[in-house]
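Going by numbering that gives the first Met the number 0, the first residue of the sequence shown is number 0, and it counts up by one from there.
Keep in mind that the hints are not guaranteed to be accurate.
[Unchecked claim] Distance windows between CB atoms, simulated:
#, residue 1, residue 2, range
1, 72, 136, 32 to 40 Å
2, 26, 124, 12 to 20 Å
3, 41, 72, 25 to 33 Å
4, 19, 86, 14 to 22 Å
5, 85, 123, 29 to 37 Å
6, 130, 26, 13 to 21 Å
7, 84, 136, 28 to 36 Å
8, 79, 103, 19 to 27 Å
Think of the hints as simulated: they come from the structure by calculation, not from any bench. Beta carbons: idealized from backbone N, C-alpha and C, even for Gly.
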Amino acid sequence: MSTFGWDQMTEWWDKNLGDEGDLWHRTLIDPPLLHLVGEVSGLHLLDLACGNGYLSRRFARQGAIVTSVDANVPLIERARAREAQEPLGITYHVADAAHLDMLADGAFDLVVCNMALMDIENAAGAIQEVARVLGPKGRFVASLSHPCFDKVDTSGWEIEHIYPHTTIWRKMSH
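Use the sequences and the hints to build the structure in full.
Listed below in structure tokens is the structure:
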């Protein structure tokens with residue numbers, strides 16, 4: 000499991016996504032995802048690669064029983080801090096999406112993975128785990144960036160600080 004670059008991007012990512020998502024998520028990414036997800040009240044929902052948990056909180060406010068997983072420790076810490084300030088009953092785990100051993104077989108009605116599957120090092124293993132934790136009539140809803148935005152064999156981020164106030168993040172090749 001590699002979280003290279005994400006640890007360094009945590010503050011920026013959390014600040015930009017906040018509690019509602021950034022402009023791109025609010026206007027382009029989340030509306031179709033939420034349409035596909037549909038009604039979540041009463042569902043056992045796994046937010047896979049949840050980041051700072053902004054969607055987890057949205058789903059919990061809508062009545063879902065939410066478990067959230069991310070490999071990035073600082074982002075999970077921020078999600079847990081928000082949960083402590085506004086308890087919604089969300090359980091957060093730090094884990095590789097391809098190794099969800101803490102989750103029972105068939106435990107979820109719905110797994111959501113928003114704009115993250117393309118950044119998971121072992122995406123095939125993650126999908127196998129999704130299949131394992133979904134119940135018999137469970138659904139998996141994911142959103143991805145188009146491959147034209149990625150270089151071949153990329154995983155992680157390269158971070159370049161340019162004087163005085165600019166930071167550039169680029170997907171990096173292995």
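Evaluation of the provided hints:
Distance hint for residue 72 and residue 136: a CB-CB separation of about 34 Å, consistent with the stated range 32 to 40 Å. At about 32 Å, the CB distance of residue 26 to residue 124 disagrees with the hint of 12 to 20 Å. Against the hinted window of 25 to 33 Å, the Cβ-Cβ separation of residue 41 and residue 72 comes to about 31 Å, which satisfies the hint. For the pair residue 19 and residue 86, the beta carbons lie near 19 Å from each other, so the given range of 14 to 22 Å is met.
Between residue 85 and residue 123, the C-beta spacing of about 36 Å keeps the proposed range 29 to 37 Å intact. Restraint check, residue 130 to residue 26: a C-beta distance of roughly 32 Å breaks the suggested window 13 to 21 Å. At about 35 Å, the CB distance of residue 84 to residue 136 agrees with the hint of 28 to 36 Å. In this structure, residue 79 and residue 103 meet the distance hint of 19 to 27 Å, their C-beta atoms being roughly 21 Å apart.
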